[in-house]
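Novice: With the hints as your guide, set chains B and C onto chain A.
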Amino acid sequence: MREIYLVTTTTASEDDARKLAHAAVEERLAACAQIFAIESVYVWEGVKQEREWRVEFKTTDERAQGLMRRLMELHPYEVPELVATRLAGASEAYAAWVIDTVL
Amino acid sequence: MREIYLVTTTTASEDDARKLAHAAVEERLAACAQIFAIESVYVWEGVKQEREWRVEFKTTDERAQGLMRRLMELHPYEVPELVATRLAGASEAYAAWVIDTVL
Amino acid sequence: MREIYLVTTTTASEDDARKLAHAAVEERLAACAQIFAIESVYVWEGVKQEREWRVEFKTTDERAQGLMRRLMELHPYEVPELVATRLAGASEAYAAWVIDTVL
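As given, the protein sequences belong to chains A, B and C, one line each in that order. Just so we're aligned: 86 in our numbering is position 86 of the first sequence, and the numbers increase by one with no gaps anywhere. Just so we're aligned: 1020 in our numbering is position 20 of the second sequence, and the numbers increase by one with no gaps anywhere. Just so we're aligned: 2079 in our numbering is position 79 of the third sequence, and the numbers increase by one with no gaps anywhere.
Chain A with its partners taken away, still in its complex shape (with noise of 0.2 Å):
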């Protein structure tokens, strides 16, 4: 049975973390993708604070490096945020509609 994985990132921006999701969705490398806003600290020449936008896509375990890499072309940023979480179980019509979903 395939597996489903969460793959994540963030943006500088709502429009920029919106043209992600999109273009995954669309392109159907993800079935659906959640955007929401967080602040993050982190090191970068320094320790910064800055307004931030997750983007998390719910992908198969087939294509989550596809959809890693399609991100890393997209994306604005020089090394960003590209992590996977392999979820442990889903419900059957959910999994089945993400299996279906995604090419």
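Only true hints are included.
Partial selection, computed: residues in chain A whose CB lies under 10 Å from chain C: (1) Met68; (2) Leu71; (3) Leu82.
Below, simulated SDA-like cross-link-like pairs (lysine to any residue); rule was C-alpha separation at most 25 Å, straight line: (4) B/Lys1048 / A/Glu92; (5) C/Lys2048 / B/His1022; (6) B/Lys1048 / A/Thr101; (7) C/Lys2048 / C/Tyr2077; (8) C/Lys2048 / C/Val2083; (9) A/Lys19 / B/Ala1012.
Don't read these hints as lab results, they were simulated from the structure. Since we're looking at a predicted model, the values are computed, not measured. Each residue gets a CB set at the ideal place from its N, CA and C atoms; glycine is no exception.
Specialist: Here is chains B and C on its own, set in the frame of chain A:
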């Protein structure tokens, strides 16, 4: 040692999110539920972009399936997001609180 | 290859969230911390519904325990949420940045 699971769903309104959160916590299927607003981009008869609310529940490995079944019963969606993530660890005190709270 | 972990806690104020985020990042126990507002429903002497802030830290498998111990020392709660999630993967560049940043 019991493991802690995160079960996640989304709703179309904050009110629905709170209803699910209170039902699961009052019925002790989850120790807590965390709600926040998101923007969802997804494929459902074309690409949609809508405001939703995410609800994340903390429960045990033993109760995760029962919680997902109960959420399916209560959920207004036909095919709601229902996914589970296994947590790799937790502080002893917090893990004990989750395990004691979930019945 | 080092693994990346997500460590998560919640606080009662945005100010406390920022304090924990800055402490962990400045002490290089985490490469970054992401903060956002949530509504929590939980059991503690009855069912409570309160506004909280979630703080999510990216660290390495080697530093996750140390980060959780430090957060426990700094946290104003008696029993704070302190959970860890193992990430299944990350882009090479991002993983290298986390590993180089965390001391």
